[in-house]
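Student: Spelled out, the chains give:
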Amino acid sequence: MKINNITFVEAINSALQISMEIDNKVICYGLGATDPKGIFGTTIGLEEKFGNERVFDTPTSENAMTGIGIGAAIAGYKTIMTHQRLDFFLLAMDQLVNGAAKMHYMFDGQLTVPITIRLIIGRGWGQGPTHSQNLQSWFAHIPGLKVVMPSTPSDAKGLLLSSIFDPDPVLFLEHRWLHNSIGEVRDGDYRIPLGKANLITKGNDLTIVSMSYMTVEALIAQKYLEKIGIAIDIIDLRSVKPIDFSCIINSLRVTGKILVLDTGVSTCSIASEIISQIAINHSNLLDRPPSRITMPDVPEPTSYGLTKDFYPRANQIVERVCEMLRIEGSKLIDEMPVISPHDVPGDWFKGPF
Amino acid sequence: MKINNITFVEAINSALQISMEIDNKVICYGLGATDPKGIFGTTIGLEEKFGNERVFDTPTSENAMTGIGIGAAIAGYKTIMTHQRLDFFLLAMDQLVNGAAKMHYMFDGQLTVPITIRLIIGRGWGQGPTHSQNLQSWFAHIPGLKVVMPSTPSDAKGLLLSSIFDPDPVLFLEHRWLHNSIGEVRDGDYRIPLGKANLITKGNDLTIVSMSYMTVEALIAQKYLEKIGIAIDIIDLRSVKPIDFSCIINSLRVTGKILVLDTGVSTCSIASEIISQIAINHSNLLDRPPSRITMPDVPEPTSYGLTKDFYPRANQIVERVCEMLRIEGSKLIDEMPVISPHDVPGDWFKGPF
Amino acid sequence: MKEPKKKSKFLDNQKLKDLFYMMKKIRLVEERIALEYPKNEIRCPTHLSIGQEGVPAALSIVLNNADYAVSTHRGHAHYLSKGGNLNKMIAEIYGKKSGCSGGKGGSMHLIDKDVGFMGTSAIVGNSIPVGVGLGLALKLNKTKNVSCIFLGDGAIEEGSFYESLNFAVLKELPVIFICENNLYSVYSPLSVRQPKNRNIMDLANSIGAHTYYADGNDVINSYTCLDSIISKIKSEDICPWFIEFETYRWREHCGYQFDNDLGYRSVEEYEKWKKRDPITLFENNLKEYFADFDLSQLDQITDKVTSEIDVAFEKAKKDTYPEKTEAFKNIYSNEI
Amino acid sequence: MKEPKKKSKFLDNQKLKDLFYMMKKIRLVEERIALEYPKNEIRCPTHLSIGQEGVPAALSIVLNNADYAVSTHRGHAHYLSKGGNLNKMIAEIYGKKSGCSGGKGGSMHLIDKDVGFMGTSAIVGNSIPVGVGLGLALKLNKTKNVSCIFLGDGAIEEGSFYESLNFAVLKELPVIFICENNLYSVYSPLSVRQPKNRNIMDLANSIGAHTYYADGNDVINSYTCLDSIISKIKSEDICPWFIEFETYRWREHCGYQFDNDLGYRSVEEYEKWKKRDPITLFENNLKEYFADFDLSQLDQITDKVTSEIDVAFEKAKKDTYPEKTEAFKNIYSNEI
Ligand SMILES: Cc1ncc(C[n+]2csc(CCOP(=O)(O)OP(=O)(O)O)c2C)c(N)n1
Ligand SMILES: Cc1ncc(C[n+]2csc(CCOP(=O)(O)OP(=O)(O)O)c2C)c(N)n1
Ligand SMILES: [Mg+2]
Ligand SMILES: [Mg+2]
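Chains as they are written, first to last, in the numbering used here: chain F, 17 to 369; chain A, 17 to 369; chain X, 1029 to 1364; chain C, 1029 to 1364.
No lab work stands behind these hints, which were simulated from the structure alone.
Only true hints are included.
Stretch by stretch, here's where chain X covers chain C in the computed footprint (C-beta under 8 angstroms, at least three residues):
#, region
1, 1179-1187
2, 1190-1201
3, 1234-1243
Keep in mind the model is a prediction, meaning the values are calculated, not measured.
Cβ atoms here follow ideal geometry from the backbone N, Cα and C, with glycine treated the same way.
Based on the sequences and whatever the hints tell you, model everything.
Tutor: Written out as structure tokens, the structure is:
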């Protein structure tokens, strides 16, 4: 089994290719799916390989195109639909919530809706209020939906393959700041189970629960904290619906402290849900109040000036962890490099956004 | 100042009339707004009084009609739009979230969007999966929106008047099980402030935080609990965004115990948010783990058989309170009348639903 | 004895009987529901099709089980016309375990996959793109079948209609839109919803559909039109189609009563349409153009339908409710 | 010396100068942005209107400040044509405090209420109903003004377009839809989005709008058409209108580069349209039909525009960013 160093985008592309190869009932569409840029490169080559019946561009009709995907899905097609921004998908909430999410239930199990909806989320570089929303908690609130938020190329591939072949509707959220990240990815078909979290670092002092791009920041923080002897469990959720509580609880039994990171805004977030369940059912495990770091309850502004210190990053995590552990962390934070420009994941990042 | 015993529907109707009388920039529309049934009676008489330019029926075009309301609002019209079911409004999430919620912010305060969107929510009597959703937490998740959920006729009137004249977009959720409830309502124009909760009963043993129809059930429970000497603070939230945390905290300082009721499903709910904020910031006030009673994470089934014991009611509240206070409550629960049929608020209730 | 008109050549004795059977079945089922409804054992919003039996009956003899259909809140007639199981429909309306959706859906969520009836939606316009997606699947399958989308005049106002039809035309999908224009959406006449000179068929045509207009209360005419269009789709790949059928609902929008007293429509209008009862019109047509049709067959059919309905209601009432624990099942197909 | 053609009678020297001024202003502003963009000081998605100056320029001399307009992601030209403040626009694109949206909106969220320009949206189709709502307000106000909605050919595919136009027609609102059909939505040609024989203007007509089609690169013609339509709305209450203007964007969809190398459109096509440059066409028209127009005025205008732009960019670059605490303000108008 070969392992390659490839980007997150290439990993997505590979999952799409594999799914379409092994099952000719997989279809794939979305605005730009067959254009020269191929949705940030993720759909490049698919039309050539699988033909324009199975891979196609669409009218700018998010609502109907979702319903059309649902129709194809209940007729047995594993449908993959992509939106270049989650924000555009707000036009299709009726089809998602009144349709896809409920069909299996309201027809008592007779229909299944194997649709995977890829939604690109992000932040930064002037995306502004309507191109940067991370609405995973909306989807998690709806019974019948599954919500996946990978943080590495390898996870992206394995989770996307599982999503495509899962019989239920899956929202698959790809963070734009992860698209160019590189990681080891296995060749061929492999599946990472939905609903299972991944313990990526092991430590006894505190549990960080994270998702998607925030896991990258958590890892940076963890490396700094290690320097002063603080060992962190980082649990990357992989799926935010359902949430793998047993993984969280197991870690909490050891650490007694939990910090939840969320790429979305605070109120009624995934972080709220995790913390409230811990408080309700497992407060005995906590030797500190739980904590969360999320986006503020604010639409994302566009200006470079306004986004300065707007996005939670590793130094904020370090600071919070030190607070929770009641140790002096300021020196450590001073040591951390200031990331500049602050509105991109790193200076290697080249748009388009 | 006269006080009348009127229904919730009449209170809404009165608020609409008053708002249109005192300000000719108030307009009011929605499917059925001018038909003989006048949206469950709430809009009866408005067209006759204020003319068909200010009060009108609309095409079945939820998305555009929302944007049209936004356009009228930024041009200075206080716009009231009504949907006979919240579920229909899912078609308009783009206009709500990418438009109404963000315009004030993204144009740096230059536009205000004084739109009030009345959404009828409910449960029971075969409404089934797509006519019964209580999605307040979706709206609460979006910065820029305010969310109001009255529980009495008097509150309905005073809160609706405040909502209409509030410069920001307000989602005003009316529970269908409250529509026929009767209460004392003052004549004329009065306003109940948004964002402030109402402490309706006072007691030192436990704090119940509730909203909309669940407050009716909480009051029933409270009366039974009183019989065995248990005294409850019931805080009716009135607004679920913003949440009046200071009222909750004040109560918690005395009781040390909190039970949150929510008319929506559990995951990422208003109840999640309240409990997580308490756990994060005020866990020192808690002498018991917090608790919540919500709808289950399940689409609402239609059948009378399936909804048996599906809806949280007073007896479940009594049971939970007794559990939290570690007292034997089973006898008390046995004493409580079994409400039958279980799928209506009371047998006085006559549709239409 | 007059010679049967041209259209009759498509219609043999069996087809005539089938048309009558389906109209009568829909009519009597709906009337029985209306009779039972006030007893409060049927506890879900229910929209009857009395007066609108023509179009579904015509469709019932042109589609086969490999064709798909989807419909709306007013879906009983469409379910039956597609061949949906009567017992299961009635049981569903009663919320019973034996219902076609196990009691989870009720009157507004009917399904019978065995006959290609892929579900109804309680949200106006919601099932339209789903029907187009079924058409996309058929095209990919390369079978000669059609996906049939039932919709009302109100649904025309939803953006989803427009977007869906645009896509169906773009991809030339084997889809047929069956628009039953009954002039009202709840209590709202077309005049408060659509422009004065709106012609729905022309609108659909300008979006790109092949279109046709027919009197939906004339079942023979509706059949003739649908039969030729379905064969155009299946044998000539000419598609998609949008057909506007004029028709009228007799009773209230939701529920079982007559509601002319409300004043949202005139008694004259109602009476005019009642005179154009699709079943009476059909019987008159039979007498006028199909003199060799043995009319006594109609009574036999009516008897058959009546006893089918008796059985269905009897069973449905006797059947048990699903266990309340069932409410917590089937949220996911693959529970994690 | 040829006599000026019929259309010229509407056009005095001032109007001709104004048309040129606006086209040149849009062109040079956008070219300056393109020049500055790679420096990474402009940090937000930016959609240029180079090649599409004709329609906004024509509108700039038929609307007044009490008329409303809304636009899209590609809104610079529309903002300017409505009289929007140039300095504030450039500052906004640079994310500065002095920007028309205080830096919160960026290139895709422009506003200048003083001149009735009520905002742009980054969501395709999103501002269409908002523009109709502004038209509703105008009608309720009983003033003789118009609400102008800019949209692209892609936006036609959104249900919101269809629903909005239906309502505007139903209520006869003083609204004018200005559709700049530039043949593409991002990299997608019309052929993958709309049916082969689609005629957008006819479609709008069948929804019920009064319609007109014009060559958007012929600014004089566009002006003539718009002027007569606006006066039909304002003095005869004939409305709403949908005008399709054919035009073409020269550079990439988002960003500053030429992108014919990508292969989604042909170089021939691009060259053909470049030959139909609205500014060159206008200059040729001037020479041909307006022989008494003193061409040296054009250079003066160009100089004026250039110095306005120099000032705007200089100011924008020098201006400060808003304080980062500003990000947390104005979420609500009435903070609770
Ligand atoms: C999106 C949405 N909006 C509104 C409603 C409320 N509603 C239920 S049925 C109906 C009437 C629709 O009229 P039409 O499509 O003509 O069908 P008909 O009832 O006449 O058969 C309406 C508006 C709904 N169910 N869904
Ligand atoms: C709802 C939505 N879907 C998709 C997009 C992505 N998008 C941005 S601009 C654009 C092109 C729209 O084309 P058109 O309306 O013709 O305008 P043009 O760019 O040609 O001026 C698209 C699809 C979006 N912003 N919003
Ligand atoms: Mg109708
Ligand atoms: Mg375009």
